[in-house]
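My request is simple: use the sequences and hints to build the entire structure.
For the record, the sequence lines run as chains Y and A. Counting in the numbering used here, the first sequence runs from 1 upward without gaps. Counting in the numbering used here, the second sequence runs from 1 upward without gaps.
Honestly, I wouldn't trust all of these hints.
Copies of the same chain are indistinguishable here, so a pair counts whether it falls within one copy or spans any two.
[Claimed, not checked] Derived SDA-like pairs: lysine to any residue, alpha-carbon spacing no greater than 20 Å straight-line:
1) K121 to E34
2) K149 to E116
3) K64 to K121
4) K109 to N176
5) K273 to G229
6) K194 to I184
7) K250 to I260
8) K121 to W188
9) K109 to V237
10) K258 to E117
11) K64 to I122
12) K273 to S28
13) K258 to P230
14) K250 to D31
15) K194 to L256
Hints were generated in silico from the structure; no laboratory data involved.
Residues per chain, in single letters:
Protein chains: 2
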Amino acid sequence: MKNEEPRHFLLIAGRGSLPKLVYEELVSCGDNVEITFLPGSEHDDLTTRHTKINPDNFLDLLQKYRGMGVEHVVLAGGVDRPNQTSILFKHGETNNQINIMGGDDSILKQFITVIEEIGFKIWGVHQVIPQLINHNGVLTDRSPSSADKSDIIFAEEIVTSIGNADIGQAAVVRNNRCIAVETISTDWMLDSIKDVYSTFANNPDERGGILIKASKPNQDLRVDLPTIGPNTIQRVVSLGMSGLVIESGKVILIDLPKVIQMANQSGIFIWSKSINRNIREKYS
Amino acid sequence: MKNEEPRHFLLIAGRGSLPKLVYEELVSCGDNVEITFLPGSEHDDLTTRHTKINPDNFLDLLQKYRGMGVEHVVLAGGVDRPNQTSILFKHGETNNQINIMGGDDSILKQFITVIEEIGFKIWGVHQVIPQLINHNGVLTDRSPSSADKSDIIFAEEIVTSIGNADIGQAAVVRNNRCIAVETISTDWMLDSIKDVYSTFANNPDERGGILIKASKPNQDLRVDLPTIGPNTIQRVVSLGMSGLVIESGKVILIDLPKVIQMANQSGIFIWSKSINRNIREKYS
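Structure (structure tokens):
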């Protein structure tokens with residue numbers, strides 16, 4: 001649907017399929033879109049009008065776009081954490097330093113501050129394409145069992161605890177036991193428990209456990225929304241898990257029709273639900 | 001040092017070197033010691049007077065020892081989690097079921113309840129051999145740097161959060177970022193981040209990060225005290241980490257002289273300190 005007044009966007013693109021989805025949505029709305037790519041994130045299918053960002057030109061580049069009349073910025077796609085402990089953004093005579101130590105939230109807040117200080121309005125992917133997060137209820141043929149629901153109650157406590165502490169946004173729970181907590185990435189976490197799950201497989205009576213993925217309790221939704229897509233579903237299936245819980249309205253679901261189809265073919269459930277943020281005081 | 005009045009102990013032995021240490025300490029005090037071994041925990045060096053526990057004879061065995069005048073029970077050594085979801089302890093005409101679903105605390109509390117109901121007094125390893133947990137301060141030639149101390153502040157929050165949620169007792173923090181959280185075991189956690197650490201190694205300026213190991217807040221210290229020994233030190237060293245923080249008075253340190261020697265030879269620090277249990281409200 002075309003906007004009456006075209007907006008002028010800068011798309012800061014990371015890895016994965018989100019940047020292309022955002023680009024196509026904005027273009028179809030009649031907006032003007034400039035693109036810059038974060039290091040390691042060049043897209044073959046987004047070849048026009050792009051400039052690669054590096055620490056030496058980042059601030060100058062943003063100022064240039066602002067001078068061209070760009071008013072809006074959207075960050076989309078996965079970002080590899082820089083290996084340095086800090087990044088010095090050079091601009092004219094001044095420098096602007098982002099401290100890379102700390103959790104993802106800490107880094108992204110500094111990043112957003114730099115962009116907003118230049119005068120841009122920052123948009124989240126979900127504000128450009130609301131249907132990516134508009135899911136609610138059990139999305140699959142299979143529903144969670146009462147045993148799965150017991151795991152989910154514990155899992156909601158875990159994502160609340162680890163979200164508050166800026167550790168991660170996902171966990172695996174099985175038989176009311178926490179098997180894994182996301183730190184590096186969800187896919188890395190799922191790969192790391194292959195051996196553990198293979199020991200479970202010796203007992204065919206055992207249920208498979210659940211993956212939960214949720215936003216952090218007080219997260220800035222404009223950046224770093226947790227994202228689920230076919231790659232994650234494939235890992236959940238190959239581990240033999242029962243299913244997947246995602247936070248309704250706060251987790252991006254990429255390629256929903258394919259995700260649902262994969263889940264139904266494999267017999268897992270996907271439940272989009274609001275997360276209970278109450279923590280029981282277990283040991284007091 | 002001999003007790004004036006010999007006590008009569010049942011040692012329930014798991015894996016590792018703790019059961020032998022406990023056995024030798026009790027014998028040197030002049031106490032009488034019976035031994036039973038949990039499945040998978042036979043010790044070549046503790047061959048006398050032992051009976052293997054299995055779910056079918058566990059309650060009867062405990063009753064037999066109680067009838068023999070055994071008054072004290074000590075649980076020592078690592079225990080593999082049973083693969084079943086519940087264990088039915090058979091005793092005469094009655095059954096006693098322990099639900100294996102849940103975190104370690106939940107299982108151990110049920111286990112302790114069964115033993116106490118029969119009339120035993122339960123001892124922690126640290127009550128038999130207090131010197132195993134009597135460590136305090138920086139134990140090594142190397143001290144933590146100010147950057148390490150910054151990681152440690154975050155790490156204290158993490159072990160408090162994951163301890164309250166009965167997730168685990170250890171974590172790895174590096175540059176104020178949580179790299180890993182213990183779920184299965186500390187050694188498993190350290191093995192799982194080898195690949196992650198090898199990517200850090202490309203940048204020689206990077207510090208190595210710290211391992212923290214602490215009891216759960218409000219833990220019953222008689223069972224499941226976190227334990228550190230040469231195996232863990234060897235893993236910390238081979239990953240290239242800076243050092244290790246353990247909770248003073250609440251973490252068992254096995255083979256202290258060897259642990260200190262290994263740490264000093266490798267240039268890592270070991271800091272035994274009380275853990276700050278305050279959680280900052282980061283996102284409110």
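Right, here's what the structure says about each hint:
1. K121 to E34: For K121 and E34, the Cα distance is within 20 Å only inside one copy (15 Å; across copies 73 Å).
2. K149 to E116: Close neither inside one copy (42 Å) nor across copies (32 Å); limit 20 Å.
3. K64 to K121: within (16 Å within a copy, 75 Å between copies)
4. K109 to N176: Between copies, since 15 Å is at most 20 Å while 34 Å is not.
5. K273 to G229: within (17 Å within a copy, 43 Å between copies)
6. K194 to I184: both (16 Å within a copy, 13 Å between copies)
7. K250 to I260: Close inside one copy (18 Å), not across copies (48 Å); limit 20 Å.
8. K121 to W188: neither (33 Å within a copy, 45 Å between copies)
9. K109 to V237: neither (35 Å within a copy, 34 Å between copies)
10. K258 to E117: neither (40 Å within a copy, 55 Å between copies)
11. K64 to I122: So K64 and I122 pass the 20 Å test inside one copy only (17 Å; across, 72 Å).
12. K273 to S28: Result: close neither inside a copy nor across copies, 31 Å intra and 59 Å inter.
13. K258 to P230: Within one copy only: 7 Å inside a chain, 49 Å across chains, cut-off 20 Å.
14. K250 to D31: Classified as neither: same-chain Cα gap 25 Å, cross-chain 61 Å, threshold 20 Å.
15. K194 to L256: Close neither inside one copy (26 Å) nor across copies (34 Å); limit 20 Å.
Comparing the model with each earlier hint shows violations of hints 2, 8, 9, 10, 12, 14, 15; every other hint is respected.
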